[in-house]
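Asker: Chains as they are written, first to last, in this note's numbering: chain D, 11 to 330; chain A, 418 to 748.
Mixed in with the good hints, there may be bad ones.
Claimed, not checked - Listing some non-contacts, in silico: residues in chain D with all C-beta distances to chain A over 12 Å:
id, residue
1, L15
2, A28
3, L31
4, K45
5, T66
6, E180
Said to hold, decoys possible - Heads up, incomplete: computed chain D residues facing chain A, CB under 8 Å, no partners named:
id, residue
7, F139
8, G176
9, E193
10, G213
11, V234
12, W245
13, A314
14, R317
15, L323
None of these hints come from the bench; they were simulated from the model.
Every residue gets a Cβ at the ideal spot worked out from N, C-alpha and C, and that includes glycine.
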Amino acid sequence: MTIYLEFEKPLAEIEGQAAELRALAQRSPEMDVEKEAAALDRKSHEMLVQLYANLTPWRKCQVARHPERPHCKDYIERLFTEYTPLAGDRNFADDHAVMGGLARFNGRPVMVIGHEKGHDTKSRIERNFGMARPEGYRKAIRLMDMADRFGLPVVTLVDTPGAYPGKGAEERGQSEAIARSTEKCLQVKVPLVSVIIGEGGSGGAVAFATANRVAMLEHSIYSVISPEGCASILWKDAEKMREAAEALRLTAQNLKELGVCDRIVAEPLGGAHRDRTAAIDAVGREIAAMLDEMKDLDGQGLRADRRKKYLDLGSKGLAA
Amino acid sequence: MNWISNYVRPRINSIFSRREVPENLWTKCDECGTMLFHRELADNLNVCTNCGHHMAITPRDRFKALFDGGAFTEVKVPEPIADPLNFRDQKKYTDRLKEARRKTAEKEAMLVAEGEIGRTKVVAAGQDFSFMAGSMGMYVGNAIIAAAERAVKLNAPLVLFSAAGGARMQEGILSLMQMPRSTVAIEMLKEAGLPYIVVLTHPTTGGVTASYAMLGDVQIAEPNALICFAGPRVIEQTIREKLPEGFQRAEYLLDHGMLDRVTPRGQMREELIKVLRMLLGLPEAVMADLPAPETPEPAAAKEAEDAKGETPETPAAKPEPKPAKPEAPKK
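Bound-form chain D, shown alone:
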């Protein structure tokens, strides 16, 4: 059962009609509905193409947050072998909003780290909706450190609404943990590639996405603040999120133009959730290509490459 987004309502109607017709035909085999159903299919396909050809920034936010969008766990399961989760920050706890560990990517051992949002109520609560606490960032720091010592490339998968704004998180140094994680990203002498697979929420995303190469899925977003948050501060009205999403330039396409993201990974028609395996495989190809780009750089070269990428950022704006 597909979950439709608000702007997909007309589509839901047509697809629903087609499904109904087919269900009817199944009960009474003498009815021939295939022709009509196929017409409806064509219509819905056209509508889907149209809807997704020009998604507004706010609609992209909705797609990026789609509950059925493949999450970190799905990518790890399909793209990596021998995944061996490593837990804990050796200090306080294991944060389930961040998963990570050793794994093989195309046979090569790597360290994979990412935010996991969960896929149903139970797992969402367990994963804290992908909002990491300091422990999560400290676990990531520990894993990056280990990768650095053993020469393993680091792959990060970013999908978080942001770092968790909670009492305990603040007390245990949320900001320090994020700052150190960003610092570690810049320090490691191994290739670090990052893919924004859904939401790149502010500092919580930067802590993982400060990489040699950053790829973004076509309908993913990466922003300094959520459109809702921005709207409530600058427009004094959280309902102005459409305007805020527009103004923030948070789409993969805008970010590529600004040089923040290096590659855009095309999504299947109608978003990654409509063909999860195709989306995941496309990301896999992109990770391989990004790692390949860095194969000639040594440790110092990799660090210098990362530094240069960030120091140079901001030299170009968007065309007016």
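Once you've looked at the hints, dock chain A against the given chain D.
Answerer: This is chain A only, laid out in the frame that chain D set:
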């Protein structure tokens, strides 16, 4: 304090002061409500003389009190491209910038200066909360990078005074990218083996706290400064419970192991000198009110001239002739 520093100096200051003295000569302390005479307040570095409440102070005023004899040279900050996103909310970003420039007579939210503090060469960067809430945009990022590069060049430590509501939303993702950018700057200092001291002032929040403001070798805060990643309001909305008294204030963070020290503004200069000289392996400083260094580098002064940009006024404070006034060294 004697007659000269209490009375004559503020007068000289007010002659050279770039901002006009407001008509209202009295300021009400937000904490205890005492009415404070502006000169007395300025002399006490904007700390309430009655209750010790620390009010905001601009980087320029702070630097005047921080550097020997109030003399410092501005470090040039590369100009970023203006309004990269063509951002517009209810107002245009460019209009907001213009308004902030008019209001503060400053170019942007961070001032970088070099000079001597207790005869110790230092590069200092101060964030200006009065300029669009001190928000971290590309200029602030450039300022931190310029400060770090200058410090490395001079083989001097960097002292950074943070004060910000967070990242500058109007620069979108590019403001967020100042988190890694500023971290690169701090890396440069660390590689050069130079001390980096952060003084967190009220308020330091959001992406600023989660990057350069938390990466100091020594982390000092001013009393009662709000220091956090997520603000108290956001947290209360998220967890739906009241937060304890003093939550996310400097003393609370000190208690939770996030800071090295909480130091009142009046003692900050002395403390910085002490810490910096130890980290640099220098002998103890002679604690005295030192006059301005006599030979300002002409090259640096030239740079400051260039850095002025649109603001017509003289950017750096005038070195004031002031007699060395020995003070009993404090414990």
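Asker: For every hint, state whether the structure bears it out.
Answerer: Here's how the hints hold up against the structure:
Residue placement check: L15/D keeps its beta carbon more than 12 Å from all beta carbons of chain A (closest about 24 Å). At roughly 40 Å from the closest C-beta of chain A, the C-beta of A28/D stays outside 12 Å, upholding its exclusion from the interface. The claim that L31/D is not at the interface with chain A holds, since no C-beta of that chain comes within 12 Å of its own (minimum 46 Å). Every CB of chain A is more than 12 Å from the CB of K45/D (nearest about 49 Å), matching its label as outside the interface.
With a cut of 12 Å on Cβ distances, T66/D stays outside the contact zone with chain A, its closest approach being about 16 Å. In this structure E180/D is not separated from chain A by more than 12 Å, as the shortest Cβ-Cβ distance comes to only about 6 Å. With 8 Å as the threshold, the beta carbon of F139/D stays out of range of chain A, its nearest partner Cβ sitting at about 11 Å, so the hint is violated. Because the smallest distance between the Cβ of G176/D and any Cβ of chain A comes to about 6 Å, under 8 Å, the interface hint for this residue holds.
Hint on E193/D holds. Least Cβ distance to chain A is approximately 5 Å, under the 8 Å limit. With a least beta-carbon distance of about 4 Å to chain A, the hint placing G213/D at the interface is held under the 8 Å criterion. Checking V234/D against chain A: minimum C-beta separation of about 4 Å stays under 8 Å; hint holds. Taking 8 Å as the C-beta contact cut-off toward chain A, the hint placing W245/D at the interface holds, the least distance being around 6 Å.
Given hint, A314/D at the interface with chain A, is violated; its Cβ is 11 Å from that chain's nearest Cβ, farther than 8 Å. Taking 8 Å as the C-beta cut-off, the interface hint given for R317/D holds, the closest approach to chain A being about 5 Å. Interface hint at L323/D: satisfied, since its Cβ lies 5 Å from the closest Cβ of chain A, which is below the 8 Å cut-off.
Violated hints, in rising order: 6, 7, 13; the structure is consistent with all others.
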